[in-house]
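Assemble chain B onto chain A, guided by the hints.
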Amino acid sequence: DGGITQSPKYLFRKEGQNVTLSCEQNLNHDAMYWYRQDPGQGLRLIYYSQIVNDFQKGDIAEGYSVSREKKESFPLTVTSAQKNPTAFYLCASRGLAGYEQYFGPGTRLTVT
Amino acid sequence: DQQVKQNSPSLSVQEGRISILNCDYTNSMFDYFLWYKKYPAEGPTFLISISSIKDKNEDGRFTVFLNKSAKHLSLHIVPSQPGDSAVYFCAANVLLTGNQFYFGTGTSLTVIP
Chain A
1 DGGITQSPKY LFRKEGQNVT LSCEQNLNHD AMYWYRQDPG QGLRLIYYSQ IVNDFQKGDI
61 AEGYSVSREK KESFPLTVTS AQKNPTAFYL CASRGLAGYE QYFGPGTRLT VT
Chain B
1 DQQVKQNSPS LSVQEGRISI LNCDYTNSMF DYFLWYKKYP AEGPTFLISI SSIKDKNEDG
61 RFTVFLNKSA KHLSLHIVPS QPGDSAVYFC AANVLLTGNQ FYFGTGTSLT VIP
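Those sequence lines, one after another, are chains A and B. Residues 1 to 112, numbered by our numbering, are exactly what the first sequence covers, in order. Residues 1 to 113, numbered by our numbering, are exactly what the second sequence covers, in order.
So here's chain A without its partners, still in its complex pose (with noise of 0.2 angstroms):
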């Protein structure tokens, strides 16, 4: 089947420890995006690629970071400098002749 998956679903870390999230995609679509969700908000942006070896800061980059090395591929590092790391995290992906985005299940970042 063709989707998004996104692992772990539930993860946990001590503070100060980087942590990264997983994301793949069989759909063949260029563009990745990861957000970012917390209780009462919208979906914040934290990074999106259009194309491998390329991506963007989106609204909420800060104590982020991205690679796209495969198109299938868009892992997220939460690092220890990211000062509220504890949230829903969502990974998406779009083709360049679609309009909508695809989204995973999402990961549930525990940060003590």
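Think of the hints as simulated: they come from the structure by calculation, not from any bench. For each residue, glycine too, the CB sits at the ideal point set by N, CA and C. One or more of the hints may lead you astray.
What the hints assert, rightly or not - Calculated lysine to aspartate or glutamate pairs in the EDC-like style (CA-CA distance at most 20 angstroms, straight line): (1) 54(B) <-> 24(B); (2) 37(B) <-> 38(A); (3) 56(B) <-> 100(A).
As the list claims (entries may be wrong) - Derived list of chain B stretches under chain A, where covered just means 3 residues or more per stretch with a C-beta under 8 angstroms from a C-beta of chain A: (4) 31-42; (5) 45-53; (6) 99-108.
This is chain B only, laid out in the frame that chain A set:
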């Protein structure tokens, strides 16, 4: 600055009645609008969209209306069903650039059986 706003955090509707979810935007450059539905602990799923060249788009029980002069769009669900209970996000995009989507804060719809 929130460019897409959903001012009603929640809405309750009786089963079989109409649900109307509202969304306002501030950026007149937006020319494509989408509605997503989200269940708890899941990713949003695309529901319906509308281009700024139209003022209405219909798909089964779901209709989206766009009022460009008022910078306002609404999603109508009729008849509402208990399975429609979810959080609904509206999103906006500038097709020419196409890269960044701006999301509202969501409206939690509860359909009461």
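Here's how the hints hold up against the structure:
1. 54(B) <-> 24(B): holds, 17 angstroms
2. 37(B) <-> 38(A): holds, 16 angstroms
3. 56(B) <-> 100(A): holds, 18 angstroms
4. 31-42: As far as the segment 31-42 of chain B goes, the hint holds, because 5 residues have Cβ atoms under 8 angstroms from chain A.
5. 45-53: Since three or more residues must qualify, the claim that chain A covers the segment 45-53 of chain B holds, with 3 doing so at under 8 angstroms.
6. 99-108: It holds, with 7 qualifying residues against the three required.
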